[in-house]
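**Student:** Here is what each chain is made of, one letter per residue.
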Amino acid sequence: MSSKDNDNGRLDLVSIRSKLETDAGKRFWRSLEEVAETEEYKRFLNSEFPYGVEKSRSGMNRRDALKLMGASAALAGLTACTKMPVEKIVPYVNAPEEFVPGKPLFYASAMPWQGVGQGVLVWSFMGRPTKIEGNNDHPGSLGRANIFMQASVLDLYDPDRSQVLIHEGRVGSWSDFLVQVDELRAAHLRNQGAGLRFLTGTVTSPTLGDQLRDLLKQFPQAQWHQYEPLARDNTREGARLAFGEYVETIYKFDQADVIVSLDADFLFTHPAGVRYANDFANKRRVTGPDSKMNRLYAVEATPTITGVQADHRLRLRPSQVEIFARSLAGALGVKVQGLGEASLPNLPSDWLPALVRDLQNHRGSSVIVAGEPQPPAVHALAHAMNAALGNVGKTVVYIDSIEISPTNQTQSFRQLVSDMGSGKVQTLIILGHNPVYTAPADIPFAENLTKVQQRIYLGLYEDETSVLCNWHVPAAHYLESWGDARAYDGTVSTIQPLIAPLYDGKSAYELLTLFQGQPGRTGHTIVHDYWQSQQKQLSPQAFEVQWESWLEKGVIDGTAFQPKQVALRKDLDVTPASSGPQSSGLEIVFIPDPTIWDGSFTNNGWLQELPKPLTKLTWDNAVMVSPATAERLNREMKTVKTQGPGMGPGTGGPWYSPGPTESSKYEVVELSFQGRKVLGPLLVVPGQADDCVVLTLGYGRQRAGRIGTDRGFNAYSIRTAENAWFGSGLEVARTNQRYELVMTQHHFVIGQPSNPREGETVSAFHRDLVRVATLEEYRQNPDFAKDSPDMTTQAQSLYPPYDYSKGYQWGMSIDLNACIGCNACIIACQAENNIAVVGKDQVGRGRPMHWIRVDTYFRGNLDNPEIYHETVPCMQCENAPCEYVCPVGATVHSPEGINEMIYNRCVGTRYCSNNCPYKVRRFNFYLFSDWNTPSLFPLRNPRVTVRSRGVMEKCTYCIQRIRYHEIYAEEEGRKLKDGEVLTACQQTCPTQAIVFGNIRDENSQVAKLKAQSRKYGLLEELNTRPRTTYLAKLWNPNPEIKES
Amino acid sequence: MDPVDPVTEEKPAFVEPGSPWIAPGHSYGSVSDRIAGVVLGRTRKGWIFGFAIAFFLFLVLNYGITMLFFVGVGKFGINIPVAWAFAITNFVWWIGIGHAGTLISAFLLLMRQKWRTSINRFAEAMTIFAVACAGMFPLIHMGRPWLFYWLFPYPDTMGVWPQFRSPLVWDVFAVSTYFTVSLLFWYVGLVPDLATLRDKAKNKLAKVAYGFFSMGWRGSVKHWRRHEVASLLLAGIATPLVVSVHTVVSFDFTIAIVPGWHSTIFPPYFVAGAIYSGFAMVIMLAIPLRKWFHLEDFITIRHLNNMGKLLLATGMIVTYSYVMEAFMAFYSADKFESYMMLNRMTGPYAIVFWTLIACNIAIPMTFLWSYRIRTNTVALFLIAGVAQVGMWLERFVIIVTSLHRDFVPSSWGQFYPTPTDWEVLFGSLGLFFCLFYLFARLLPSISIFEMRDLVHKTAEEAGVIAGAAE
Amino acid sequence: MAKHPIYGLMAEFDNTHDLVAAAHRVREEGYRQIDAYTPFPVEGLEETVGFRLPLLPIITFIGGLTGCIGGFILQYWPNVIGYPLDIGGKPYDSWPSFIPITFELTILGAALFCVFGMFFLCGLPMPYHPVFNVPRFKLASHDRFFLCIKSKDPKFSLDETKRFLEGLNAREVSIVPV
Amino acid sequence: MAQIFHRAANTLAKATLYGIVLLIAAICIIAWEVNNSYNVYLGEHQVQPVPFSHKHHVTDDGIDCRYCHTSVETSSFAGIPPTHTCMSCHSKIWVNSPMLEPVRESYLTDQSITWVRVNELPDFVYFNHSIHIAKGIGCTTCHGPIGDMPITYRANTLYMRWCINCHKHPWRYVRPKQYVFSATYKPPPDQDALGRKLVKEYHIQSPRIITDCYTCHR
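Chains as they are written, first to last, in the numbering used here: chain S, 1 to 1044; chain Y, 10001 to 10470; chain V, 20001 to 20178; chain P, 30001 to 30218.
Please note that a few of the clues may not be correct.
For lysine-lysine, the following DSS-like pairs were computed, each having C-alpha atoms within a straight-line distance of at most 27 Å [to be verified]: (1) S:Lys-975 - P:Lys-30200; (2) S:Lys-292 - S:Lys-252; (3) S:Lys-975 - P:Lys-30177; (4) Y:Lys-10204 - P:Lys-30014; (5) Y:Lys-10222 - P:Lys-30014; (6) V:Lys-20138 - P:Lys-30014; (7) V:Lys-20138 - Y:Lys-10207; (8) S:Lys-806 - P:Lys-30200; (9) P:Lys-30197 - S:Lys-806; (10) Y:Lys-10222 - V:Lys-20155; (11) V:Lys-20138 - Y:Lys-10457; (12) P:Lys-30135 - S:Lys-806; (13) P:Lys-30168 - S:Lys-806.
Honestly, the hints are just simulated from the structure, not real lab data. Quick caveat: nothing in here was measured; it's all calculated off a predicted structure.
For reference, chain S alone in the conformation it holds in the complex (with noise of 0.2 Å):
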């Protein structure tokens, strides 16, 4: 703990390290050079295991065991006959101000995602920010996160981050770069810009937008163009079309009552999911049987975070998506040119007319969104069915586009590949995204991009797009680096470095000043100049106040924007842009991975191990088909013979040691799609709309590190810029590979009711694991979750029970009604307490390390099912089974009732696991904590012990955290009050579905939530008294819908 502080007041992580690590912080930090062109370097970048993992699997080498040894006569030696050993301490020789050694401080920031700033408050120890909550005063995020922001500070200390330079192919220095600078900047000042190209991601940040318009002006011939994968193109241009202008909706999802979603994923994948997920909650929260909930009717293809809280789901292909629109707006009474009369032949009768008069029943307070993968013309409809319901104004409001520059992403990729394609680009500067790897099959970037004589690209990575270019800068992580972004409703965010760069990145601002001709500018005098320039009015010192307020908030108060008048164009005419109707073939459709996104999160390691939602697939993607279509293509594939080396098998053993390869090896087909192939094994996903096979983008990666080099397949070769989103005419083919697909949940008895008897989902209503009403039940019988009263925990023992009454007597309330599933406090619970990621082989082989876990089991019959979500943490039993039988006393019960895991005394029997009838105890089968990565060390919090081989370990309450307060209120002397203490899991949850607290203080929120009548506990007939309990799901369903 010393450094000299910086100018920023924040420690330099470099001398840091270099002063805690010897030896490996000589090899990794001064010699970079001579690490890059080693082989070990190599063998990491193509690892196929993460951190450390890959060597406790293929056997040991000398350091390996020394250092073994070494652990483990240290570890004796804490009680054993061994001296203990001497350590070091290092003050600093100046201490920075702010600090309070041992005290974390909280620093507001924000994080782009689609371009779209989401408010992080950022834990910061000892100058090392270690964990992400959301910002409670930023309107994205109301203090709540998603498993992106959760995971992003993983990103930052990611050793395969690009740590130098790089000139064609060579560690390159930043003066030679400064000198490239200006011979272009001299030179394209000359031809007033011509073949100058800025090629950015979506872009709302104003000071970048600012600077982009600078050099715009400096350079009038120069472009700039933006791309993402996920550009919300068909939002932007459905909202043209409807109103003539780029306008951003914004959904107030907090008073509608009745939502129609068309194929729109609005809790997860739209830049304001959070908050989103957060209001549409807050309209489904039951306290009793009086209250109200809003109705949720999803129309999509594959089951998503959002259709899966439908009341209503409906399976549509979604190129029928479009014709069910169609529909409902004709049937609203819509009035638009090219409405067309298709009808869906498969559509249930009673739905749309019980739909029509639910939305008519609702006028003002319903609300029906659209998604991105929906062509303008559904968006276009959406706005105009919404206008006719009178919810524009209430439920939707219209707002100028939150972006510096909205225009039509992929055209202007378009653009700026045939204009490289025909020489007109002699420079081209590309900010981050990876073009290279994201860009459509049909437009040859990668080809072109050779073309283009100066190839400038900053990235954090050194990928796919980097080795294609001539210099490659490394990126300044957000939290290395100052900036802005607006939220989803136009609030600018400010973004400030809670760490100085680690490996020298620079970010986007700080490589466009070069090209303004303004070296020597910093990130923060960019960023605080510009919004001085904003603020004339201010004098310098009343502005200094003002901006510190700003960044204590992490937002500009009033940047906000006032929702704007907009009408319906008279002309709208939504005529489909091809005619006729979709060919009846199978239609692909491609999705953004629910863990890894476009790509940009491929060398996560907490992201990859992430069970996807409802698959629970892991480190890999998959062709998903529904199980009717599954079937169907088992009878009909064709066999092809693959070229090239195919997808290998995953992992595998020996014969006489399978593991679980033979058993969870799925076929591996092969897709065609307009000319072009892949190959991917096939995955049925129930739920899913018939014909149609559903792709995650992001894997398939050259280049993306020793996380994510090699995983899954590219689903980008075959998505075409035409067809972004779905498409028809996909042919399968069986190929006689087979793969390994990993996932945390079996669902092999999905559909095969036969054998075991009792199937995995079928058992979990059976022990009445997940218990469900609708809220007519409900209101009938309130008690409907109840346990009978020969199965309750007043079960008799021959023992007096423990005495729980006295100080706070912890508990925890998980609401399924609330719970998405949307895996955030998984991601916040590794982060918070140091869980380690141990690989795609460890995970097949039944060993990941989540403390939390999130079930999914399905309902109902095998196409259509209900799908539920329980999201399930240690229950800390009162009498829990797992104590009693540790044989060393290393889990005990707390008089507060938590169930303690101490690892420093565990000696791994591993009974404990065995006897916990909610499995959700974990165990270091190796050393799968990474204890050799230096870079990795600051990520960890210094308050979670980090566990050792052969351990145990398991949902604590986050007990760091109860005891932080504790011993503060103690040394204040007062009680702690409800709320002050909030677990990881809670604080991140963005729908509030997990509540933490005192249960013995009547008044407290968790408290209250465990008196109401649907409250059960899992197994509470074995009589362990768990103190994690559940409230009861509850649909509410149009009572004129029949469904089957």
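Dock chains Y, V and P against chain S, hints included.
**Tutor:** Relative to chain S, chains Y, V and P alone:
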């Protein structure tokens, strides 16, 4: 039989006429020489060959354990939910095998069964080696085996103690007590025979070694009397001990709430199963032993027949337990129990379950009724082997099929053995046979003094030496 | 008492019958410092050599009692007094859980006391003993029976005793040097 | 038959048996002692880059603990003074002392002084200074007679057993808050009565709560 005793070079006082438990024509001296001759004679090629194989397997075990210690317990195929598998299966299996030895030496002694005389020594040795093999497994299956001593109560720097409510701590006490008592019992029995070997050995080193371990035993009346009392006392306390040990081992499962483990029938069921597998092992050791070392005179067909009958009897108890376990699972109407049983019979491990039924019930219970099969050494050996495999599978089924699908279906999983799993299983056989080969070579496999006593009693009963004592 | 250069006199017998008969005669003759050496336990000799009620069962019982009480305290003390902890909601003194270890330690205590008590009472280990000086004594662990009258017996007299023993159907009588 | 062993073997055998018993007992006692002193450097002076004397600064100069260990009342970590703190005096006094050369060098070169840690706990122990201060546990209770230490040494084993002893009987060690930073405080003869009063006054939680594992391990 040579009428002249090779040691005394005189005609023995008498030769016994034979009885069900010993072939005719033996004198005190001849039994002593025959049994001691195995130990004091030259090393045979067959012994070296067999020992080499066992030692190779022992090296395999060492390899497996080294990997486990250095790389981690993840070398086993275990996971969550199946956190115990081969190692604990092996543990219970070996402990069970151990039980027959103590039962023969203690229980049959109390019952005054004469036929125990010729089998108790090697059965006790088997017990000790089996318990040694068993005791190794809880250690190597720990995540941090170097901290094993935390399971023992001692005043540590932390001021904490073992958690005495845990069956694993009970195991520590039960197994270490069992090992200690078995070792003592065995040693007490060996002392007079070590004196015999001391007196017979020609080699100076052997003389010193046997002399050292016989501690100066001289067969005095007072020695014999105390020896007899001690043997009886030990038998008296070893009999409840042997029952308690497998009861405690069964507590590892019954104390837990896992469906398929949490069952009150387990203690007797485990004890019966232990004796079943133990006798199977005794048979499997006795048959080659009598053949290779020409001990057919002492381990007679009647011995094998009796052991076959015991195998049959314990097998029937085991069968009854299986039936009751299944019956109770359904009769209890407990959804977890009944699913567990159904899953055992029809789930992914059904093949293992039905193999176990075949090995433990169908085959032995069909054939052991026949006298001809019980007295046919090859058939008996094979049936004992089948039962041995069956008992291993039984433990595997109890442990793995109960764990792999317990309460919460989302956490269901599968267990697949890894090379390390097989290494330690076969390696432990190597360790056992290494020890047993050494034992058969270095120590008398049959109790010499008790055989002399048997000769005496046989002769007495036949009137060859009438009323000698009175 | 005069110091004798010899330990005693050793008579060798062929069978138990002769040995037991001889032993009775020796006792009747008034000798008390007698010992018999046999290859297996022979009944009916204890009284003749003056063997009283064995202490061993009492020692074993004490061992068992020590193990029992010690075992229970070993568990009771840490759980209730030393460092009480809430384990699975069970009371600190959940004595039924302490029974197995108490039982095992009872057995262990009894067995250890029994075995070590036996060796102690027998005076073992005693690798050197005068009787081993008799050349034919090695047959005592083979098939012969020996009766020894020790020189410290008040009635012992080398010649007389030797003559007496030879008259007892002994196969051979030899002097046992110290 | 000839004797195998010499007659001395009898004595030797018995002596060996008793010897083994004695040897085991001796090893246990020695191990216990070594583990409680040598292994934890108990009372052992550590060689430090600067021979800093707490005795001189605390007793002779009367500097308060908190002058250097600034965060002891507010944070889990008491704080090791930055070089700047040393120089705030030593830029004025003892400016040329050769003993202080490393301090001056550190200040000039901006390189930290690397001290040898004296009171060290394992990483999985989350000791918190501020709560102990707040509840009336004095510095010397754990750090020993710091005012009499010319060179700092470890005065207690800091073993868990040692910690637990106080957590089980806090009334034996608690002192009035005004004496927490006193290096010369001696417990009064009626410590037990005073302690029980202070335990109530300072709301020190019951031994069962503060001997809970999660008090220190997380």
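**Student:** Now look at each hint and say whether the structure bears it out.
**Tutor:** Consistency of the hints with the structure:
1. S:Lys-975 - P:Lys-30200: With Cα atoms ~16 Å apart, S:Lys-975 and P:Lys-30200 stay inside 27 Å; holds.
2. S:Lys-292 - S:Lys-252: OK: S:Lys-292 and S:Lys-252 at ~17 Å, within 27 Å.
3. S:Lys-975 - P:Lys-30177: Given pair S:Lys-975, P:Lys-30177 holds - Cα atoms ~21 Å apart, limit 27 Å.
4. Y:Lys-10204 - P:Lys-30014: holds (23 Å)
5. Y:Lys-10222 - P:Lys-30014: At roughly 20 Å apart (the allowed maximum being 27 Å), P:Lys-30014 and Y:Lys-10222 satisfy the hint.
6. V:Lys-20138 - P:Lys-30014: Since the Cα atoms of V:Lys-20138 and P:Lys-30014 sit roughly 24 Å apart, the hinted pair holds (cutoff 27 Å).
7. V:Lys-20138 - Y:Lys-10207: holds (12 Å)
8. S:Lys-806 - P:Lys-30200: With a Cα-Cα distance of about 16 Å, the restraint between S:Lys-806 and P:Lys-30200 holds, given a limit of 27 Å.
9. P:Lys-30197 - S:Lys-806: Judged against 27 Å, a Cα distance of about 21 Å means the pair holds.
10. Y:Lys-10222 - V:Lys-20155: holds (21 Å)
11. V:Lys-20138 - Y:Lys-10457: holds (23 Å)
12. P:Lys-30135 - S:Lys-806: Roughly 20 Å separates the two Cα atoms, so the pair holds.
13. P:Lys-30168 - S:Lys-806: Within the cut-off at roughly 18 Å; holds.
Hint compliance for this structure: no hint is broken.
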